[in-house]
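Colleague: Model the full structure from these sequences, guided by the hints.
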Amino acid sequence: MKDETPPDNLREVLLESVPPLGEPADRIGDVGRRVRRARTRTIMATVATTVLVGAVALGVPTLWRGTTPQPVADTTAPVFDAARCPVAPAKQSGELVDKPGALVPDGALSVSLCELPLDPAAGTVPTPRTVTLRPGELVAALNALPTKEEVAAKLGQPFNHGCTMIGFAEDLSLVLTYADRAQVTVALDRNCGTAIADGRTRFMSGSSKFSPTLLDGFVGLYREQLAASTDAATVQAPACPATLTQAAVSGMTANTDARDGIARNRGSVDVFAPSALVEVRACRYLAGSGGTLKLTAQHAERSAAPAVRDLLNEATKVRENTDAEGGSTVTNLAGCAVDVAIGSLDVIWIADATGAVSEVRVLRAPCAEVRRAGMGGLVVLPELAGQLDGWLR
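Mapped onto numbering that gives the first Met the number 0, the consecutive letters of the sequence shown carry residue numbers 0 to 392.
Bear in mind the hints are in silico, worked out from the structure with no lab data behind them. Mixed in with the good hints there might be a few duds.
[What the hints assert, rightly or not] Estimated spans, in silico, between C-beta atoms of each pair:
#1 R301 - N254: 24 to 32 angstroms
#2 G166 - T126: 22 to 30 angstroms
#3 R318 - D97: 13 to 21 angstroms
[Unchecked claim] In silico lysine-lysine, BS3-like type, Cα no more than 30 angstroms apart, as pairs:
#4 K147 - K98
#5 K153 - K98
#6 K293 - K316
Since the structure is predicted, the reported quantities are computational estimates derived from the model, not experimental observations. C-beta: ideal position from N, C-alpha, C; glycine also.
Modeller: Structure follows, in structure tokens:
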């Protein structure tokens, strides 16, 4: 069978295909690199993320290859709910087709991100997030996505497109509304890396959630819109609980992991806290009899929140070395055991300008490490330890 492995320069070709939107000021490196983490559950999640990023970011087959072009939505009229979102995944026609013209018309009044759970037992469908702030930027990003022929032209050879077979929990689409025409729905196929609208197919690239200029651009505009409509005086970090159990902060299950309300609107290559912070609250706990963690000191800060944001973004950053073969090794892993009995713990609550709240846990004894949702075991920076000690001693 003929080798259909894409050429080495495919990443560069696709990444160059879409001009960037205005990116948040603090962008971390490519999340498509593998991250080996100390905690078992995190390791498994990281492996899954790496496969996803490699497949979707490059828009090339990783788990499956085939010579048959992948399908696009057929001409059956979709059905929409009250929020104008599709109520069923886009049907497939069996072949990739295209026609001339822009993917979506100019002049959109709004762009909504619709998330349709694929499991009927998943519960309530999330309320779509709608961007009315500079929607023309998202229209431009959609229309800049390349056709199959444009990708092939940059490659200098035919583009044998294939799809992954990852079981995503939801079907995504963008819905654009207009003053003088019917709405336009763009089906986003993460396995095939395509954006499909009105019989036109374009190819996405650049990150685990398609392109930084597409969905990362969407959440960036949405955060900016939320911040503009949120009264900072109403934003507060949570109070420090008087006690915590060891199990409650173990991070071994979803219910005991650090809270991360910022995550929903964090782009795939954004830093931990991409928006300005309004308030920071630090809580120090020491283990008493039976291992129960008891609050011994706390400190709330609003005026210095911007500087704390920079410090936390540095403290939660994964640092890596890349070898000559492209492999990477994390250089700031800590050595705490997964099931360590915590003797001393600092909890940092942050509330940002959008009103979202997240948590960072800093183990101080018997070992030291920084833990955030979905990640753990990072070395505690001396600057962070010093700031916490200055507040809580």
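Colleague: Would you say the C-beta atoms of R318 and D97 sit inside 13 to 21 angstroms of each other?
Modeller: violated, 43 angstroms
Colleague: Would the pair K153 and K98 pass a check requiring their Cα atoms to be no farther apart than 30 angstroms?
Modeller: Holds: K153 and K98 sit about 20 angstroms apart, inside 30 angstroms.
Colleague: Would you check the hint for K293 and K316, treating anything up to 30 angstroms between C-alpha atoms as holding?
Modeller: holds, 29 angstroms
Colleague: Within 24 to 32 angstroms: is that where the Cβ-Cβ distance between R301 and N254 falls?
Modeller: Roughly 30 angstroms apart at Cβ, these two residues keep to the hinted range, so it holds.
Colleague: Check the hint pairing K147 with K98 against an upper bound of 30 angstroms on the C-alpha distance.
Modeller: holds, 11 angstroms
Colleague: State, for the Cβ atoms of G166 and T126, whether the hinted interval 22 to 30 angstroms holds or is violated.
Modeller: Once the Cβ atoms are compared, 24 angstroms apart, the range 22 to 30 angstroms for T126 and G166 holds.
In terms of the numbered hints stated before, the structure departs from hint 3 and from no other.
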